[in-house]
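Protein chains: 2
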Amino acid sequence: MAKREAHYTDYLPEILEVASREGVLLVVEGADGRPNAMTIGWCTVGVIWGKPILTALVRPSRHTYGLLEKAGDFTVNVMPADMKEAVNFCGTKSGRGHDKFAEMKMTAAPSRAVASPIIAEGVIHYECRVLYKNDLPDDVLEGPIRDAFYPQGDYHRIYYAEIVAAYADEDVRERISGP
Amino acid sequence: MAKREAHYTDYLPEILEVASREGVLLVVEGADGRPNAMTIGWCTVGVIWGKPILTALVRPSRHTYGLLEKAGDFTVNVMPADMKEAVNFCGTKSGRGHDKFAEMKMTAAPSRAVASPIIAEGVIHYECRVLYKNDLPDDVLEGPIRDAFYPQGDYHRIYYAEIVAAYADEDVRERISGP
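Each protein sequence line maps, in turn, to chains A and B. The first sequence begins at 6 in this note's numbering and counts up by one. The second sequence begins at 6 in this note's numbering and counts up by one.
Derived by calculation from the structure, the hints in this document are not laboratory data. Note that the structure is predicted; figures quoted are calculated from it, not measured. Take the hints with a grain of salt, since some may be wrong.
Since the list gives no way to pick out one identical chain from another, each pair is judged satisfied if it fits inside one copy or across any two copies.
Below, in silico cross-link-like pairs of lysine-lysine (DSSO-like), each with a Cα-Cα straight-line distance of 30 Å or less [what the hints assert, rightly or not]:
# : residue 1 : residue 2
1 : Lys98     : Lys56
2 : Lys138    : Lys75
3 : Lys138    : Lys56
4 : Lys56     : Lys110
5 : Lys110    : Lys75
6 : Lys89     : Lys75
7 : Lys110    : Lys98
So here's chain A without its partners, still in its complex pose:
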């Protein structure tokens, strides 16, 4: 399936819907050449500093955090409906103990503009270069959010990344709305 270049807003409603529902896969290259995929359910997309920006949140306890701090770039991959198991696996297992690509039969394919690979089986792809990062400090987060998401104080780091490439499979809209 050919992947066609897209404007970064072309599939934005779809990306946010899939992210909220089952999650999308954030991929970072590993120092050992082995990439890791982490499921994210939260992200924002828009424009800051005149650039298309994606923000992603990663907790310091995650394996991805250490990789991301070294790599400085990542990809976001929306998987087709028939790969929900892989998305679930990548959201519940750590890359410290698993080679998620091998176990879920996912293919790491070269990106167009960043070092971190995409997942070939994905249907929408963003390539992202980190421009800025910021930690969530606890004292300004309102109580209910703090209580629900940070009972152990494991606050996210927010990564602001420029979307340097965006592309999608031609039949993406059919393939993400499957059962």
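Given chain A's structure and the hints, the job is docking chain B onto it.
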């Protein structure tokens, strides 16, 4: 023109396009009951903490900043193509010296869920309640962005706000793509 409830992603490509091109209007109520409108060209939209989130950036030097710190909510209004002059005015004049609503013949109308009003003449509206805010610290921003946008060190505060209501005029797509 009736304004119909929308999903927060329904007009997202349009909102980001208009924001990047001429800007959209962020409205905050004033302590004196007089709302102020500021043009923003940057924002991101997505999901964080399981909620629909809009992030907006405001510099502490802006009149809107003081109002926003007190109000805790705001609206984002996409204006129709025939009101580009108002968008330009609100992006170049300060509310300290101008009643922008009166001078641009804009109507402040009650919001559905927040205290800050919407602009009745707008065609897409988000009502936003601030959940979290964060200042851009200078030491982690890369050089070119710092040099281009913060030569005087007037760093933005980033507001993370929950989108508590979203609605749009029925003919919005025709009216934002005018000349």
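Report task. List, from low to high, the hint numbers that the structure doesn't satisfy. Result -> Those not satisfied come down to hint 4.
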